[in-house]
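Chains A and B are the protein sequences, given in the same order. For the record, in the first sequence the residue sitting at position 163 is 282 according to the working numbering, with numbers rising by one throughout. For the record, in the second sequence the residue sitting at position 116 is 235 according to the working numbering, with numbers rising by one throughout.
It should be emphasised that the hints constitute simulated quantities derived from the structure, not laboratory data. This one's a predicted model, so the numbers in the text were calculated from it and none came from an experiment. One or more hints might be untrue.
Same chains, same label: a pair holds when it works inside one copy or across any pair of copies.
With a straight-line Cα cutoff of 27 angstroms, these simulated DSSO-like cross-link-like pairs (lysine-lysine) come out [stated by the list, open to error]: (1) K231 to K129; (2) K140 to K298; (3) K250 to K235; (4) K250 to K200; (5) K298 to K282; (6) K235 to K129; (7) K200 to K140; (8) K230 to K166; (9) K238 to K129; (10) K250 to K140; (11) K235 to K164; (12) K121 to K298; (13) K231 to K166; (14) K140 to K222; (15) K140 to K230; (16) K200 to K222; (17) K235 to K140.
Number of protein chains: 2
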Amino acid sequence: MKFLEERILKDGQVRPGEILKVDSFLNHQLDVDLLNEIGKTFYEKYKDCGITRILTVEASGIAIACLTANYFHVPVVFAKKAKSKNLDGDLYSSVVHSYTYGKDYTVTLSKKFLTKDDKVLLIDDFLAVGKAMLGLLDICAQAGAQVAGIGIAIEKGFQPGGKTLREAGYDLTSLAIIKTMDDEGNITFREQ
Amino acid sequence: MKFLEERILKDGQVRPGEILKVDSFLNHQLDVDLLNEIGKTFYEKYKDCGITRILTVEASGIAIACLTANYFHVPVVFAKKAKSKNLDGDLYSSVVHSYTYGKDYTVTLSKKFLTKDDKVLLIDDFLAVGKAMLGLLDICAQAGAQVAGIGIAIEKGFQPGGKTLREAGYDLTSLAIIKTMDDEGNITFREQ
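For reference, chain A alone in the conformation it holds in the complex (with noise of 0.2 angstroms):
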């Protein structure tokens, strides 16, 4: 997973708060080569896993979600975080925090799209401390679905959630562990 680690220390950028910036690669614009390599490693982990869905939350997750199902040649679902007009029926849903708005968001799914005969893997691009991911996680456990891995790009080591996860028995995979980050703008990454 080197790659990424490189590609954070060329073109990251530290911010005050804790703020990593990857977002001239990764979330307002997107290196769709990179994505690729990510979706890459992420099925060569997970191929033989059985996977029936991938599933994410919008926004930014969507780019790394559509590059991995590509090579899976299985459905992405993404959980929305509005309820528009074009969403009817039954939903799953649940409420998250999150510390980037400073407020909670209630994320949406129709539960036609997920059911207990799902194998899913979960793909995000940025894991903190991880209420995004545990309210996808709920939504997998209103469906019955079966949680086969968790893929994320990047994981801030150094904030809860990543722990959380793995001590709650899943499969976390993390491109990059960042370990330390200051405001001199230097990055550590954690030994994978």
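For chain A, the structure is supplied; the task is to place chain B on it using the hints.
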């Protein structure tokens, strides 16, 4: 572009208020093989235009834009609908009225990801009244970027967006143009 028309007839659902639900393959659950076919079609159309960036708007445009960019090997940039802590620096912005959500919102894009040297392909899943696309075009004008073309999966041909864009001289490619749809679920397409 018959493949998308056929899929709409098979899996699309008409809802009162001229809403076409394609959430089983295009904007909630995503059929990645179909998105690949869409991306390949846009690539065949615009591959000789010197495209440097693909521009879309979150959230459902991201999937099509990524699978299209996967053929072009150029970056995707997606305009954001909310200002987060992680967006800083100089921004382009444009106000868009959403008929789906019944309110105005502002789309923003970091100035560093679109410049006067870019030749842009704009991508979105739906074109109806065209307000979201006009917001993206406004951002391109602010950047001084050249618009090489606009690729849309589904155009509601009975709403004014397509006519507005074609009359303004844009090279608009809509893979399926809905001519009529009624509450009994009947859908017809414009011949292309």
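Within, between, both or neither: K140, K222 at alpha-carbon 27 angstroms: So K140 and K222 pass the 27 angstroms test inside one copy only (20 angstroms; across, 30 angstroms).
Homo-oligomer pair classification [K129, K238; C-alpha up to 27 angstroms]: Between copies only: 26 angstroms across, 36 angstroms inside.
Same-copy or cross-copy closeness of K235 to K140 [CA-CA at most 27 angstroms]: Between. Shortest inter-copy distance 24 angstroms satisfies the 27 angstroms Cα cut-off; intra-copy 37 angstroms does not.
Homomeric proximity label, K235 with K129: Cα distance no greater than 27 angstroms: Classified as between: cross-chain Cα gap 25 angstroms, same-chain 42 angstroms, threshold 27 angstroms.
Status of K222 relative to K200 across identical chains (alpha carbons, at most 27 angstroms): Both. Shortest intra-copy (12 angstroms) and inter-copy (16 angstroms) distances satisfy the 27 angstroms Cα cut-off.
Homomeric proximity label, K250 with K140: Cα distance no greater than 27 angstroms: Within. Shortest intra-copy distance 19 angstroms satisfies the 27 angstroms Cα cut-off; inter-copy 30 angstroms does not.
27 angstroms Cα threshold - placement of K282 relative to K298: Close inside one copy (13 angstroms), not across copies (53 angstroms); limit 27 angstroms.
Intra/inter-copy verdict for K140 and K298 if alpha-carbon distance must be at most 27 angstroms: So K140 and K298 pass the 27 angstroms test inside one copy only (16 angstroms; across, 44 angstroms).
Identical-chain pair category, K140 with K230, by Cα at 27 angstroms: Only across copies: K140 and K230 sit 15 angstroms apart there, 34 angstroms inside one copy, limit 27 angstroms.
Same-copy or cross-copy closeness of K230 to K166 [CA-CA at most 27 angstroms]: within (25 angstroms within a copy, 39 angstroms between copies)
Homo-oligomer pair classification [K200, K250; C-alpha up to 27 angstroms]: Both: 13 angstroms inside a chain and 21 angstroms across chains, each within 27 angstroms.
Same-copy or cross-copy closeness of K231 to K129 [CA-CA at most 27 angstroms]: between (42 angstroms within a copy, 17 angstroms between copies)
Hint violations for this structure: none, all hints satisfied.
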